[in-house]
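A.B. asks: From just these sequences and the hints, can you work out the full model?
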Amino acid sequence: AQKVTQAQTEISVVEKEDVTLDCVYETRDTTYYLFWYKQPPSGELVFLIRRNSFDEQNEISGRYSWNFQKSTSSFNFTITASQVVDSAVYFCALSESYLDSNYQLIWGAGTKLIIKP
Amino acid sequence: DAMVIQNPRYQVTQFGKPVTLSCSQTLNHNVMYWYQQKSSQAPKLLFHYYDKDFNNEADTPDNFQSRRPNTSFCFLDIRSPGLGDAAMYLCATSGGTGTYGYTFGSGTRLTVV
Numbered sequence: 675a676q677k678v679t680q681a682q683t684e685i686s687v688v689e690k691e692d693v694t695l696d697c698v699y700e701t702r703d704t705t706y707y708l709f710w711y712k713q714p715p716s717g718e719l720v721f722l723i724r725r726n727s728f729d730e731q732n733e734i735s736g737r738y739s740w741n742f743q744k745s746t747s748s749f750n751f752t753i754t755a756s757q758v759v760d761s762a763v764y765f766c767a768l769s770e771s772y773l774d775s776n777y778q779l780i781w782g783a784g785t786k787l788i789i790k791p
Numbered sequence: 004d005a006m007v008i009q010n011p012r013y014q015v016t017q018f019g020k021p022v023t024l025s026c027s028q029t030l031n032h033n034v035m036y037w038y039q040q041k042s043s044q045a046p047k048l049l050f051h052y053y054d055k056d057f058n059n060e061a062d063t064p065d066n067f068q069s070r071r072p073n074t075s076f077c078f079l080d081i082r083s084p085g086l087g088d089a090a091m092y093l094c095a096t097s098g099g100t101g102t103y104g105y106t107f108g109s110g111t112r113l114t115v116v
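In the order they appear, the protein sequences are chains A and B.
Counting in the working numbering, the first sequence runs without a single skipped number right up to 791 at its last residue.
Counting in the working numbering, the second sequence runs without a single skipped number right up to 116 at its last residue.
Hints were generated in silico from the structure; no laboratory data involved.
The beta-carbon is built from N, C-alpha and C at its ideal position, and this holds for glycine as well.
Among the hints, a few may not be true.
To be clear about the criterion: a stretch of chain B counts as covered by chain A if any three or more of its residues have a C-beta under 8 Å from a C-beta of chain A, and this derived list gives those stretches [what the hints assert, rightly or not]:
#1 41-52
#2 104-115
Derived contacts from chain A toward chain B, CB cut-off under 8 Å, selection only [unchecked claim]:
#3 G717
#4 E718
#5 L719
#6 L722
#7 R724
#8 F728
#9 F765
#10 Q778
#11 W781
#12 G782
#13 A783
#14 G784
C.D. replies: Structure representation (structure tokens):
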């Protein structure tokens with residue numbers, strides 16, 4: 675069965691610390707897509723990254739980096755030198771091939787990240 | 004900029020009084036979705052349209068309906084809002100299967116009084 679697990683309900687760090695948000699997924703498909711979204715207190719969902727199952731290359735975008743490991747079914751997200759503006763809820767999500775998923779996103783429960791000044 | 008626009012940003016409605024939330028897109032995406040998100044939870048899919056084909060999730064209450072009169076617009080109708088329907092309602096779009104990503108609107112926060 676498809677499932678996304680974000681085991682960390684809430685993480686609190688002091689500004690400038692590095693922080694890693696964990697995401698573990700389960701899927702039957704060989705073709706699938708993984709996403710990270712940020713949801714600040716204002717409520718909108720902000721797209722951060724999409725990764726397909728055939729591309730295990732890690733990605734870096736400024737202070738953000740993602741580590742995709744198919745061997746452990748994980749897609750972890752690291753923020754380097756965290757800032758107060760990074761405070762938000764972060765969701766990991768999975769999309770399988772449309773034949774199985776009917777276009778649905780399968781969401782993790784989210785991790786609330788608190789960056790203290 | 005191409006985007007997904009939801010109106011209003013905040014909506015207050017009375018218990019039992021029908022309310023309509025709107026969503027428009029300039030992305031020309033085939034698929035439009037409505038999600039309900041309650042505090043501290045992940046978004047929950049209510050239904051989606053692939054072009055004009057409507058797909059209702061099995062556990063979406065009958066109280067929730069949707070209309071998509073054209074590619075650009077989609078509406079969420081709540082026929083008789085209850086206190087438990089207070090939530091953030093998110094509209095999203097995707098091109099085809101969604102594997103290229105989903106674009107979300109800013110959401111409408113619904114309060115039922």
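A.B. asks: For every hint, state whether the structure bears it out.
C.D. replies: Hint check:
no.: 1; hint: 41-52; verdict: holds (count 6)
no.: 2; hint: 104-115; verdict: holds (count 8)
no.: 3; hint: G717; verdict: holds (5 Å)
no.: 4; hint: E718; verdict: holds (4 Å)
no.: 5; hint: L719; verdict: holds (4 Å)
no.: 6; hint: L722; verdict: violated (10 Å)
no.: 7; hint: R724; verdict: holds (5 Å)
no.: 8; hint: F728; verdict: violated (12 Å)
no.: 9; hint: F765; verdict: holds (6 Å)
no.: 10; hint: Q778; verdict: holds (6 Å)
no.: 11; hint: W781; verdict: holds (4 Å)
no.: 12; hint: G782; verdict: holds (7 Å)
no.: 13; hint: A783; verdict: holds (6 Å)
no.: 14; hint: G784; verdict: holds (6 Å)
In summary, the structure is inconsistent with hints 6, 8 from the numbered list given earlier, while agreeing with the others.
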